[in-house]
Amino acid sequence: MVLEIIVMVKQVPDSQEVVIDPVTMNLNRSLTRNVTNSADENALEAALRIKDKVGANVTVISMGPPQAETTMIECLARGADRAILASDRFFGGADTYPTGLTIAATISKIGKFDIIFAGEESSDSSTGHVGPGVAEFLNIDQITYASSVDYEDGYVTADRELEGGTETVRVPTPVLVTVLLNSNSPRMQTLRRKIDAVKKGMEVWDHDKIGLQPEWVGVRGSPTIVRKMRPIKERERAAKKIDVAGLGDLARELYEKKILKLEEE
Amino acid sequence: MSEFDAIVIGAGPAGASAAIRLASSKKNVLLVEKSDPPGSKNVSGGVLWGSSLSSIIPDWEKSAPVERFVDTKSVAFLTQDSKIGIDFSSKKLQQKKTGYTVLRAKLDQWLARKAKEAGAMVINGVTVEKLHMENGKVTGVEQGGDVITSDAVILCEGANPRVAIDSGLHKRLSDRDVAIGVKEVISLPEATINERFHLKSGAGFACEYVLGYLQNGVEAGGFLYTNKDSISVGIVVSMSHLRQNDATHSFDIIESFTGHPYIAPLLEGGNMQEYSAHLVQEGGIGSMPKLYGNGYMIAGDSAGFSFSNGLVLQGMNYAIDSGIIAADTFIEASKGMDYSESALKLYQDRLESSYVMKDMRTFKGIENVTWSPFVHKKVPAMLESLMLNLFMEEGKPKKHMTGMLLDAMSENDMLKASSIMEAYRMMRRM
Numbered sequence: 001m002v003l004e005i006i007v008m009v010k011q012v013p014d015s016q017e018v019v020i021d022p023v024t025m026n027l028n029r030s031l032t033r034n035v036t037n038s039a040d041e042n043a044l045e046a047a048l049r050i051k052d053k054v055g056a057n058v059t060v061i062s063m064g065p066p067q068a069e070t071t072m073i074e075c076l077a078r079g080a081d082r083a084i085l086a087s088d089r090f091f092g093g094a095d096t097y098p099t100g101l102t103i104a105a106t107i108s109k110i111g112k113f114d115i116i117f118a119g120e121e122s123s124d125s126s127t128g129h130v131g132p133g134v135a136e137f138l139n140i141d142q143i144t145y146a147s148s149v150d151y152e153d154g155y156v157t158a159d160r161e162l163e164g165g166t167e168t169v170r171v172p173t174p175v176l177v178t179v180l181l182n183s184n185s186p187r188m189q190t191l192r193r194k195i196d197a198v199k200k201g202m203e204v205w206d207h208d209k210i211g212l213q214p215e216w217v218g219v220r221g222s223p224t225i226v227r228k229m230r231p232i233k234e235r236e237r238a239a240k241k242i243d244v245a246g247l248g249d250l251a252r253e254l255y256e257k258k259i260l261k262l263e264e265e
Numbered sequence: 001m002s003e004f005d006a007i008v009i010g011a012g013p014a015g016a017s018a019a020i021r022l023a024s025s026k027k028n029v030l031l032v033e034k035s036d037p038p039g040s041k042n043v044s045g046g047v048l049w050g051s052s053l054s055s056i057i058p059d060w061e062k063s064a065p066v067e068r069f070v071d072t073k074s075v076a077f078l079t080q081d082s083k084i085g086i087d088f089s090s091k092k093l094q095q096k097k098t099g100y101t102v103l104r105a106k107l108d109q110w111l112a113r114k115a116k117e118a119g120a121m122v123i124n125g126v127t128v129e130k131l132h133m134e135n136g137k138v139t140g141v142e143q144g145g146d147v148i149t150s151d152a153v154i155l156c157e158g159a160n161p162r163v164a165i166d167s168g169l170h171k172r173l174s175d176r177d178v179a180i181g182v183k184e185v186i187s188l189p190e191a192t193i194n195e196r197f198h199l200k201s202g203a204g205f206a207c208e209y210v211l212g213y214l215q216n217g218v219e220a221g222g223f224l225y226t227n228k229d230s231i232s233v234g235i236v237v238s239m240s241h242l243r244q245n246d247a248t249h250s251f252d253i254i255e256s257f258t259g260h261p262y263i264a265p266l267l268e269g270g271n272m273q274e275y276s277a278h279l280v281q282e283g284g285i286g287s288m289p290k291l292y293g294n295g296y297m298i299a300g301d302s303a304g305f306s307f308s309n310g311l312v313l314q315g316m317n318y319a320i321d322s323g324i325i326a327a328d329t330f331i332e333a334s335k336g337m338d339y340s341e342s343a344l345k346l347y348q349d350r351l352e353s354s355y356v357m358k359d360m361r362t363f364k365g366i367e368n369v370t371w372s373p374f375v376h377k378k379v380p381a382m383l384e385s386l387m388l389n390l391f392m393e394e395g396k397p398k399k400h401m402t403g404m405l406l407d408a409m410s411e412n413d414m415l416k417a418s419s420i421m422e423a424y425r426m427m428r429r430m
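First to last, the protein sequences are chains R and S. Mind the numbering: the first sequence is residues 1 to 265 in the numbering used here, read in order. Mind the numbering: the second sequence is residues 1 to 430 in the numbering used here, read in order.
Worth flagging that the hints you see were computed from the coordinates, not collected in a lab. One or more of the hints may lead you astray.
[What the hints assert, rightly or not] Below, in silico cross-link-like pairs of lysine to aspartate or glutamate (EDC-like), each with a Cα-Cα straight-line distance of 20 Å or less:
(1) Lys-51/R - Glu-152/R
(2) Lys-290/S - Asp-246/S
(3) Lys-116/S - Asp-196/R
(4) Lys-241/R - Glu-268/S
(5) Lys-199/R - Glu-341/S
(6) Lys-200/R - Glu-268/S
[Unchecked claim] Going by beta-carbon spacing under 8 Å, a handful of chain S positions derived as facing chain R:
(7) Val-32
(8) Ser-40
(9) Glu-117
(10) Gly-119
(11) Met-121
(12) Gly-125
(13) Val-126
(14) Val-128
(15) Gln-143
(16) Gly-144
(17) Ile-148
(18) Ile-285
[Stated by the list, open to error] Beyond 10 Å from chain R on every Cβ pair, some chain S residues (computed):
(19) Val-75
(20) Glu-190
(21) Glu-268
(22) Lys-377
(23) Lys-378
(24) Gly-403
(25) Glu-422
Values in this document were obtained by computation on a predicted structure and should not be read as measured data. Don't be surprised by glycine CBs; every beta carbon is placed ideally from N, CA and C.
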């Protein structure tokens with residue numbers, strides 16, 4: 001029987017271009033370019049390597065607004081077989097709890113799964129909650145912060161990068177694995193695969209299709225209450241233009257002010 | 001049988017327009033763009049002149065993400081200490097809007113969306129490597145070891161046409177064909193811009209400058225356009241001048257421009273949002289490639305369609321119209337299923353009878369005017385001394401205007417027979 005792999009992905013604003021609305025203090029998503037969360041690209045690559053090795057059916061799933069289509073197409077173009085976007089206005093404003101619930105319910109609806117992959121965390125909220133949350137909702141084992149993942153005969157072997165060193169674990173499927181950012185190099189999309197991905201397209205599932213009540217999900221299903229947000233004040237930097245000829249004087253000045261040290265000291 | 005009727009390379013104004021026209025005529029078209037999203041690698045001043053879009057998107061003036069219509073168009077010479085310019089503001093420009101300032105990151109995304117809505121398959125984030133040839137005929141594109149086939153390919157790659165060059169359809173660019181444009185987008189509140197440039201809401205200011213203060217024979221032009229709540233400001237410097245003067249850097253030139261005593265106050269208090277640079281087509285008709293062949297056509301900047309007479313810079317209008325003409329040629333050719341060189345010659349013929357090629361021919365050699373020491377050094381210096389003579393009141397007897405003009409001209413070496421001939425030849429080219 002063919003291995004069933006699910007990869008959880010998220011579309012995030014490009015962290016280089018993030019703009020905070022000064023009035024609402026929310027991310028202004030309309031002004032920024034949306035990209036696939038980088039760690040999720042590593043998660044997909046880990047899944048595709050297992051597919052290359054033993055053969056597998058790789059399904060990417062995401063929860064998000066319709067514009068997440070570009071991320072879903074991108075994942076198909078890298079080699080995923082199926083893309084499902086859980087998208088519904090009831091899902092809006094979710095914190096990590098109903099997000100995990102929604103994704104877990106989507107996975108249950110798909111049916112059989114052997115390995116679920118997720119990125120270690122998203123670059124826009126950096127909680128790292130959703131992957132482990134999904135494992136808990138589905139009541140399966142989880143391996144977090146994996147730097148390398150392999151599969152053989154019903155077992156996933158993974159290296160976990162911990163503060164004290166590396167831990168190698170071997171866990172029987174079904175299991176959820178969260179993958180470290182930059183732990184592999186994701187393969188390129190090609191024009192051929194991208195054309196096929198656009199032709200194939202993604203599936204969009206709403207709360208009804210997934211079998212969730214509106215009050216369980218989105219902002220209504222979220223226990224988090226945001227009391228206050230404030231921007232971090234940017235430090236004023238003394239931007240000073242110096243002439244190359246004046247470099248010696250500047251070095252002396254910095255040395256005297258003890259900002260610059262000589263190596264021997 | 002080909003997978004697509006036509007493949008269009010590049011989703012700028014030329015490529016998107018071609019794709020919209022083709023898809024609207026029920027052609028199965030693939031539009032491939034290397035940047036993601038479309039427009040994120042494109043740089044233009046930019047003012048979109050004319051109403052070329054109306055033939056493919058009739059309501060574009062209402063729906064396109066344009067910034068402001070040009071209500072005041074200026075040209076000015078800058079010297080170290082002075083600015084001498086002409087401002088043209090007109091109610092007539094309010095009634096009949098002839099130019100709009102645009103930000104390409106927004107415009108190109110919108111055009112690509114229109115192409116998708118019309119039924120084109122739009123793929124971005126993938127770079128086509130080269131054209132696929134079979135028996136001397138272009139039959140598709142190659143990427144990542146795969147061949148995607150089509151009856152014909154329309155190349156709209158912009159100022160740096162890599163695929164056309166690598167496929168031997170375009171000669172390598174030489175220094176005289178291109179300039180470098182460097183641009184900053186500086187954000188300022190809409191109200192501040194309106195106040196600073198004396199604009200009503202929605203109205204915009206566009207100005208081209210001659211940077212007459214540059215040293216060592218370096219020639220550069222400047223531009224400043226108002227967007228809704230930002231200002232696009234930048235310079236265009238010829239590649240050969242940069243190359244000849246190792247000590248000259250394009251970033252120094254833009255800094256000297258934005259720091260000029262009569263430019264800096266216009267930008268004061270703004271935050272730089274974007275900094276970008278791009279090649280600019282400058283070669284004129286002399287550096288145009290062959291525009292069509294077996295199974296292919298070239299449109300937009302790749303084809304060398306841009307225009308600058310120092311008073312106005314244009315390119316997007318030529319891009320849009322050449323893209324549309326290429327699409328129409330394809331549609332015509334598809335009736336006989338003949339995409340050979342002789343069938344696609346129709347593209348050249350249609351361009352010749354449109355303003356696109358007529359302008360290119362009328363202004364043949366204009367680049368020798370816009371890039372000349374006469375315009376960049378002598379004229380600014382002469383104008384400055386003339387104005388100073390006119391307005392400096394030093395208790396001395398005044399001269400007639402003509403006398404002052406002649407004095408100012410002779411001070412700047414402009415009364416020699418050779419200079420007069422040069423000026424006359426230039427005037428004719430403009």
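Violated constraints from the hint list, given by number and in increasing order: 2, 5, 6, 9, 10 and 18
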